[in-house]
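Residue numbers (our numbering), protein chains in the order written: chain Y, 1 to 332; chain W, 1 to 332.
Hints are not guaranteed to be accurate.
Stated by the list, open to error - Stretches of chain Y that chain W covers, calculated by requiring three or more beta carbons in the stretch to come under 8 Å of a beta carbon on chain W: (1) 69-76; (2) 136-148; (3) 245-258.
As the list claims (entries may be wrong) - From the structure, some residues in chain W lie toward chain Y, with a derived Cβ separation under 8 Å: (4) S6; (5) S18; (6) V140; (7) V204; (8) A219; (9) V234; (10) M235; (11) R287; (12) S313.
I should point out that these hints are in silico values taken from the structure, not numbers from a laboratory.
The beta-carbon is built from N, C-alpha and C at its ideal position, and this holds for glycine as well.
2 protein chains.
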Amino acid sequence: MDGTGSAQLIIAELRSGSRRALSKCLSLIESTRAEDRALAYEILEHCSSHTDGSWRIGCTGPPGVGKSTFIERIGMELLARGRRVAVLAVDPSSRRTGGSILGDKVRMPLLSTQSEAFVRPSPSKAMLGGAAPSTRDAIVICEAAGFDTIIIETVGVGQSETDVADLVDMFILLALANSGDDVQGIKRGIMEVADAVVITKSDVDESSVNRSAAILTGALRFMPQAEQDWSVPVMKCSSLTGQGADVVLQSIESFFGASRAERRVGRRRHQRGEWFDRALSAEIIARLTDVDAFRFECERMRHQCVSGLVAPSLAVHRLLGRVNITIKQESP
Amino acid sequence: MDGTGSAQLIIAELRSGSRRALSKCLSLIESTRAEDRALAYEILEHCSSHTDGSWRIGCTGPPGVGKSTFIERIGMELLARGRRVAVLAVDPSSRRTGGSILGDKVRMPLLSTQSEAFVRPSPSKAMLGGAAPSTRDAIVICEAAGFDTIIIETVGVGQSETDVADLVDMFILLALANSGDDVQGIKRGIMEVADAVVITKSDVDESSVNRSAAILTGALRFMPQAEQDWSVPVMKCSSLTGQGADVVLQSIESFFGASRAERRVGRRRHQRGEWFDRALSAEIIARLTDVDAFRFECERMRHQCVSGLVAPSLAVHRLLGRVNITIKQESP
Numbered sequence: 001m002d003g004t005g006s007a008q009l010i011i012a013e014l015r016s017g018s019r020r021a022l023s024k025c026l027s028l029i030e031s032t033r034a035e036d037r038a039l040a041y042e043i044l045e046h047c048s049s050h051t052d053g054s055w056r057i058g059c060t061g062p063p064g065v066g067k068s069t070f071i072e073r074i075g076m077e078l079l080a081r082g083r084r085v086a087v088l089a090v091d092p093s094s095r096r097t098g099g100s101i102l103g104d105k106v107r108m109p110l111l112s113t114q115s116e117a118f119v120r121p122s123p124s125k126a127m128l129g130g131a132a133p134s135t136r137d138a139i140v141i142c143e144a145a146g147f148d149t150i151i152i153e154t155v156g157v158g159q160s161e162t163d164v165a166d167l168v169d170m171f172i173l174l175a176l177a178n179s180g181d182d183v184q185g186i187k188r189g190i191m192e193v194a195d196a197v198v199i200t201k202s203d204v205d206e207s208s209v210n211r212s213a214a215i216l217t218g219a220l221r222f223m224p225q226a227e228q229d230w231s232v233p234v235m236k237c238s239s240l241t242g243q244g245a246d247v248v249l250q251s252i253e254s255f256f257g258a259s260r261a262e263r264r265v266g267r268r269r270h271q272r273g274e275w276f277d278r279a280l281s282a283e284i285i286a287r288l289t290d291v292d293a294f295r296f297e298c299e300r301m302r303h304q305c306v307s308g309l310v311a312p313s314l315a316v317h318r319l320l321g322r323v324n325i326t327i328k329q330e331s332p
Numbered sequence: 001m002d003g004t005g006s007a008q009l010i011i012a013e014l015r016s017g018s019r020r021a022l023s024k025c026l027s028l029i030e031s032t033r034a035e036d037r038a039l040a041y042e043i044l045e046h047c048s049s050h051t052d053g054s055w056r057i058g059c060t061g062p063p064g065v066g067k068s069t070f071i072e073r074i075g076m077e078l079l080a081r082g083r084r085v086a087v088l089a090v091d092p093s094s095r096r097t098g099g100s101i102l103g104d105k106v107r108m109p110l111l112s113t114q115s116e117a118f119v120r121p122s123p124s125k126a127m128l129g130g131a132a133p134s135t136r137d138a139i140v141i142c143e144a145a146g147f148d149t150i151i152i153e154t155v156g157v158g159q160s161e162t163d164v165a166d167l168v169d170m171f172i173l174l175a176l177a178n179s180g181d182d183v184q185g186i187k188r189g190i191m192e193v194a195d196a197v198v199i200t201k202s203d204v205d206e207s208s209v210n211r212s213a214a215i216l217t218g219a220l221r222f223m224p225q226a227e228q229d230w231s232v233p234v235m236k237c238s239s240l241t242g243q244g245a246d247v248v249l250q251s252i253e254s255f256f257g258a259s260r261a262e263r264r265v266g267r268r269r270h271q272r273g274e275w276f277d278r279a280l281s282a283e284i285i286a287r288l289t290d291v292d293a294f295r296f297e298c299e300r301m302r303h304q305c306v307s308g309l310v311a312p313s314l315a316v317h318r319l320l321g322r323v324n325i326t327i328k329q330e331s332p
């Protein structure tokens with residue numbers, strides 16, 4: 001089939017609200033096949049427009065904190081306020097199987113069946129240069145499909161959480177209260193990139209929830225804030241009873257208020273520059289390691305570095321001694 | 001002159017303790033000239049050995065916190081304990097002029113004139129991929145020259161501080177007490193990578209120093225720690241009177257104690273892997289942007305990205321469409 005023709009067909013369907021077209025686009029973006037990538041780039045070419053009015057919200061927290069039920073609860077509230085909600089999951093451990101999609105539907109049974117909502121897992125590729133490069137494009141695609149609220153859910157593995165903060169306008173950290181003098185499973189660096197903190201399952205043990213809220217509030221007071229004109233709130237929410245969800249919604253609406261529009265635009269500009277730099281590095285490395293001989297040599301040199309046998313700069317120098325990079329003056 | 005011959009000569013001089021050879025090696029490492037780089041790599045080839053017994057200490061803090069006087073004070077104490085101390089400065093704003101070296105000598109008048117110490121500024125190159133890639137090699141060179149304690153000083157600009165944490169075994173954050181309910185100028189993300197916090201100029205205003213110490217201790221208690229078996233101490237020190245320097249020294253000795261040796265080795269292994277990945281990305285990007293046509297196009301595409309005109313992945317795809325990467329099967 002003619003690539004250009006099929007790209008324009010898919011875009012038209014995407015804009016008209018076709019679920020099938022949306023799923024197809026997201027699959028193309030995640031694909032590693034050359035023809036899929038080519039089509040994906042063509043589609044992206046027609047999607048990149050000014051979407052500064054959309055809300056991009058990230059959600060993270062330790063396993064068991066109840067991210068899915070929280071997102072379902074908040075998602076339903078956002079729908080009730082007239083927003084169109086797409087949920088993308090960044091899950092480094094997931095595999096693209098039928099089971100994973102089924103699993104996702106079971107996880108958000110209410111939200112995934114709403115006409116104005118879309119729930120999809122987006123497997124993150126384990127690439128040099130950070131988690132889920134395809135998630136950036138998936139956001140753009142969802143916005144082109146008319147969704148004005150994109151929620152990115154992350155599972156609590158590795159460095160992916162802080163990477164997700166760089167994908168969104170507002171980053172919400174979910175935390176679990178602990179019976180001890182501590183808050184469960186908060187990862188290094190997360191607190192400082194959070195725009196809001198929500199203690200989930202607030203219906204379970206009220207006194208430890210309150211103690212955890214006080215601890216977190218205290219810690220945040222002496223921590224540099226992500227945004228100068230925004231004081232990071234610590235909220236409590238029960239996704240089961242719905243208690244506290246209204247406060248979380250108010251906080252989200254306030255964060256996306258008109259008075260903060262300029263700062264939001266600035267944050268997105270900065271993010272886009274960062275994305276470009278990372279994508280450039282990741283793509284070049286991907287091209288190189290696509291060649292078996294280079295990949296084996298790269299792994300061998302990296303291992304020698306880690307073992308302390310050779311200095312990193314020397315290892316890289318040797319490795320790149322075999323690489324020849326040329327630049328065409330004009331593309332045909 | 002024959003490259004191999006001059007490399008072996010310099011290495012011999014370096015090992016025999018020649019200052020001139022050390023300065024020469026550090027200059028070669030920082031040089032961007034191809035023949036200097038080639039010689040630098042040859043020297044590095046002979047330097048990379050097991051230096052797990054050395055102490056690599058990073059020092060950061062806001063401008064005016066007194067990093068130089070603190071390092072001079074601590075450096076003199078370390079000399080008195082029989083250690084050989086090299087001080088490298090990561091200064092993104094410095095220029096390699098005679099003035100910079102002179103400026104540095106004036107800054108640490110005591111330490112720089114000691115026979116067992118070496119003080120040198122090491123200008124950080126503004127490269128994609130992080131601050132001061134040459135500092136990594138400078139550490140290796142100083143260790144080959146027989147220095148067993150390397151202190152890396154950073155000026156408080158941009159992201160360089162957290163990068164420095166990745167260069168060292170122990171990262172010390174210097175802080176200034178403030179008259180308000182706050183501690184001055186602590187940057188985002190720094191607290192969480194600090195292995196020790198020192199409030200400087202503790203002789204000036206004792207009550208605000210004590211209040212700041214309490215605030216920082218409180219903040220650290222609810223912050224994930226850099227190392228699981230190490231509780232980050234908050235100390236007070238006056239570089240003027242020397243008060244508190246002994247406590248700082250004890251803390252350093254305890255951090256480098258035998259019981260923590262295994263963890264230190266693990267941290268270095270991890271760092272070397274990170275260095276390799278970053279050096280690989282940075283070096284490839286450097287090779288590409290060395291070509292004017294590519295650099296201009298890269299800047300143009302990045303600008304389009306930042307403006308929201310084109311998605312980052314698409315911009316990178318277009319940009320790399322003109323790049324041809326080939327890999328030689330065997331180096332000659």
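**OP:** State the violated hints by number, sorted upward, taking the hints as numbered earlier in the document.
**Re:** 1, 3, 4, 5, 7, 9 and 10
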